[in-house]
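J.: Chains as they are written, first to last, in the working numbering: chain A, 10 to 284; chain B, 85 to 289.
Since the hints were made in silico from the structure, they are not lab data.
Where hints are given, some of them may not hold.
What the hints assert, rightly or not - Only part of the chain B face toward chain A is listed, based on derived beta-carbon distances under 7 Å:
#, residue
1, Phe112
2, Phe124
3, Pro126
4, Leu132
5, Glu137
6, Phe192
7, Leu200
8, Pro201
9, Gly220
10, Thr221
11, Phe229
Computed from a predicted structure; not experimentally measured.
Here a beta-carbon is modelled for each residue, glycine too, at the ideal position from N, C-alpha and C.
Here is what each chain is made of, one letter per residue.
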Amino acid sequence: MKYKCIIGALSALVMTSVAFAQAEIDHAKAAKEFEKFRAEMEDSNPAELNEMKGEELWKAKRGPKNVSLAESCDLGLGIGKLEGAYVQMPRYFADADAVMDAERRIVWCMVEKQGFKFADIAKKPFQSPNDTGAPDITNLVMYVAGHSRGKPFAVDLKDAKVRAMYEIGKEISQYRAGPYDFACTTCHGSDGKRIRMQDLPNISTKEGAAKSVLGWPAWRMTGGVALTTQWRMKDCFRQQRFPEPKYASDVVTALLTYITANANGVIYKGPGIKR
Amino acid sequence: MKGKYPLIALMGATFVVAAAPALADADFRAQAIAMIKKDFQPRGQADLDRLAEDGVQAICNRTGNKPPEAIAKTLEADQMASVRWPADGKLMGDWKKGEKLAQSGRGFTWSDKPGLPVGGNCYNCHQISPKEVAYGTIGPSLLNFGKLRGNTPEMQKYVYAKIYNAKAFNLCSEMPRFGRVGALQPEQIKDLVALLLDPESPVNK
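All chains, full assembly: derive it from the sequences and hints.
T.: This is the structure in structure tokens:
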């Protein structure tokens, strides 16, 4: 009633700002509520379970070649070395002659060192809401990521191959196509934008890129699933109305190189919780 | 047909002028496009043909969404010519149907059911009715759109054409070409015109 009285007394211009203000308040309230809940849950992130499973998988002798990743897999800092490896990927790996993000590198190790078949891993690389657990690869990424807690993102853009991947990733982020003419940057190219209530980080800035990579890999409240940045990029392409990026392919690594390097210097806090 | 050749010549001239500083970018773009071509697979309704650029996308992709004005004007005119007007000549439909359509963001992803109808996606990016507070901000606010601008036949034509093909007015607009790509049918666009322009619509209350 009171609301109606006020509205009746105001001009169209003021009405606009009232509606604006109300929406802003609602939006801020929803964001605050979520943040509170998310922060509370962070103390006991369900992703810790994934990290523990990942540790077992990392140390166990597995695959047709019966070797462990701990004794065979080099994530860029030496075989079995984990501290700070995640925040320095994507990086160039001479043995594969490719720039690889963390997930892709672990997959490469599983295939090359342990003898798993790529097609078997790529068949179901991400957890769906009704699955009982996350795929091994997700648990491994969680475990590896956990060993970069408290370390700054440090993608090596002085490496010419990484730099090229960064520039290609930037081009991919700006590439408009599909039925709706969307690029990544249609939604993630300027500051302070929203889709409905969802804030959209600007991936071309340090702050926005940090928002995009912090908290991943993540336990996601929606569906209660553990997911990685590989999945996140794929879901962006889905909403862009593009076809599906192939699992662990260059196109995803290029985007991750671009976004992660833009967040260089920002302190990584480990696997997180997402809405 | 005739118009195309001067356009190509003009584009050529532009690229020659821009070639020296832009060489590195062009090289990375070529590599990016090659990567996109090799690293996607079809899924659901999203086939690989969606990765190819049409003329408008190609120009916008190559100019950072800032095409030279002469090219923009020519191509905007082409886009305008693509607008199909309703058979009955009426441009204002039912704002209530328009509001419902504006709410839905479904359609065209690989996880959506193929085929029509699809949502208007309007609230994803625009503030429209004051009753809906969950609106996006990628596009401008459309609150009081008709109240501020009136609903003259010219205004109706503008709004209809803008929703049908936003690129007819701003070649590299971020807004999809809803009519041109067959996402929205003329009847649906009429309902959206009414949502923005009908004095009875909550947008103008």
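J.: Confirm or reject each hint.
T.: Okay, the hints, checked on the actual structure:
With a cut of 7 Å, the hint placing Phe112 of chain B at the interface with chain A holds, because the nearest CB-to-CB distance is about 4 Å. Taking 7 Å as the C-beta contact cut-off toward chain A, the hint placing Phe124 of chain B at the interface holds, the least distance being around 5 Å. The closest approach between the C-beta of Pro126 of chain B and any C-beta of chain A is roughly 5 Å, which is under the 7 Å cut-off, so the hint is satisfied. Because the smallest distance between the Cβ of Leu132 of chain B and any Cβ of chain A comes to about 6 Å, under 7 Å, the interface hint for this residue holds.
The closest approach between the C-beta of Glu137 of chain B and any C-beta of chain A is roughly 5 Å, which is under the 7 Å cut-off, so the hint is satisfied. Because the beta carbon of Phe192 of chain B sits about 5 Å from the nearest beta carbon in chain A, less than 7 Å, this interface hint is met. Here the hint on Leu200 of chain B is broken, as its CB sits about 12 Å from the closest CB of chain A, past 7 Å. For Pro201 of chain B, the interface hint is violated, the least distance from its beta-carbon to any beta-carbon of chain A being 14 Å, above 7 Å.
Hint status for Gly220 of chain B: holds, given a least beta-carbon distance of 5 Å to chain A, under 7 Å. Taken as an interface hint, Thr221 of chain B checks out: its beta carbon lies about 5 Å from the nearest beta carbon of chain A, inside 7 Å. Interface restraint check for Phe229 of chain B: the shortest CB-CB distance to chain A comes to about 11 Å, outside 7 Å, so the restraint is violated.
In summary, the numbered hints that this structure violates are 7, 8, 11.
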